[in-house]
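Enquirer: Okay, here's what each chain looks like letter by letter:
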Amino acid sequence: MRPRRKRLRRIGINLLGLLVFVIMVFPVYWMVSTAFKKPIDILSFTPDFLPSPATLSNFDNAIHRPHFWSSVRNSLIVVVAVTLFSMVLAFLAALALAKFRFYGRAAFIVLIIGVQMVPLNALIIPLYVLLSRAGQVDKLTGVIVTYLTFVLPFCVWTLRGFMLGVPRELEEAAMVDGSTRFGAFVRILLPLVAPGLVATSIFAFIQVWNEFIIAYVLLQSQEKQTLTVWLAQFTTLRGTEWGPLMAAASLTALPVVGFFLLVHRRVAFGLTAGAVRG
Amino acid sequence: MSEAPSAPTTVAVGPAFAPARRPRRLGLRIGRGLVPYLLLAPAVAVIAAVLAYPLYLLGALSFQQYGLFELIRHEGKWIGTDNYSTILHDSQFWHVLLRTVVFTGLCVAFTMLFGTLIALLLVRLGGFMRLLLTSGLVLVWSMPVVVAVNIWIWMFDFEFGVVNYLLTKLHVGDYVHHDWFENPRTGLIIIGAIVVWGAIPFVAITLFAGLTQVPSELVEAASLDGAGPLRIFRDITVPILKPIFVILISLSIIWDFQVFNQVWIARGGQPTDEYFLMAIYAFVSSFRIQQYGLGSAIAVVMVLVMLVVTFVYIREMVRIGETQ
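So the protein lines, in turn, are chains A and B.
Oh and the first sequence: position 35 is 35 in my numbering, straight run, nothing missing.
Converting from the second sequence to my numbering requires adding 1000 to each position, the first position being numbered 1.
Not one of these hints is a red herring.
Residues from chain B that face chain A, not an exhaustive set, calculated with beta carbons under 8 Å:
1) 1039
2) 1051
3) 1138
4) 1295
5) 1317
No wet-lab data here; the hints were simulated from the structure.
C-beta: ideal position from N, C-alpha, C; glycine also.
Working from the sequences, and respecting the hints, build out all of it.
Expert: Written as structure tokens, this is what we have:
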């Protein structure tokens, strides 16, 4: 009697898990499945739950719309620039935090954490005023510099965590062996921190790729807009064509999903680092 | 939970005689002391330029009349606390504030509730189902907000939306051609659902990671002593996970209080008054009616409200950082 009850319980729990999975994933499934449907099947009062017959026409439609490719290009330029700059700056700062004891260190850590909490939405107004003074409205450079700051603190914090993970003894051993501090840094620290650098830069990539409001305000002409702005204006431009819209949404999400699967553990780790270890 | 890079197992440690002591000059020592500051300087400079200065400017603008004319002239007119008294005497401001507080409260409550339940479920699932559900959560987590909003407005479309179809089919009621956004209240509920749906994965996965670190001996001992699952959760799990809960709740409050994209995109860039949350209100005041000073004052109020929550978050993070 006992084991049977236990087995029933286990089956029940797993069924519940399946139900939660279906509910959570359904919207994503619905996007992809709509993207592959024929237009006539989309505008139907009894929707099909499988895209059959499947078609690629929505994707074809989406990528041939005006400004799609320029938006992709702009997004890539912004993403690459922000990621590169923030990695270099964050790496240096994280190095200082992880490997040196100095006056003002604690204050800087509070600054780094606090800065992440400043609502970006509140800063749009002064940023807009400031960039219009500098003649940087509707230019990618203005957006790049702005993104840099809101990506930077998190990158510093996460990289610091990775650097703390490198045992001090390793570096000391290398130095005893006759390496200089710099030599120890290049041969010991850098290779060990490399996975952390990759994870952090992917995080920066995702943040920047997804950002909407800053780009929406600062980039006014359509040739300058990034992919999320392009996507957000998809419907308002010419009525709602759900098929192409869902195809475009899938394309926008695709690189993020790919990269995110690689690093999600580290992102969670960065936000709540060591919360339980205490 | 941490995936710190693993150290190579074999390290050649040299013979253990003390390294020859190099004579150090004073200048060199001071130079050494400067290194961390030099390393920090670029990051600090960027943060100061694009964050600290705008923050200051936000404060300054909130005391100025700053419209289109001033924007072109690059100079505002100082008007003291007029902007603040304008908004504080505006009943719309109080409505928006109240609406935002309620919206945030509900979003955070539901996010934490579902997040915790899913985390507790994950611990009990079998290996395969656990992997499946985790992957599903990560997939949802990775959806860009702009994409998520578009999916949801399509699902809730009044004509061909799958939700209306399902609700009608399941005999919940007649939802044929039901427009969810016509009534701002149900509209905001759907917008809240988008927020919660997107926020659950982070909470669930983080809490799950925390739960796996709750010592199983404690739980077993308690259940031998006759404690039920609820009692165990309240008296063992919650106290151990308290730091995580504090961080997750304060982060959620901060994120949900400044919700902008979901409303803006769901309403096609033209939300009506009833859809105004704080961030939207500040944005519309600035960019639609071109009252940047007034908008700044609203944004300052928003920052101040969140400062309290931020304080709790920073204190917890610093405390964890110290023990690390």
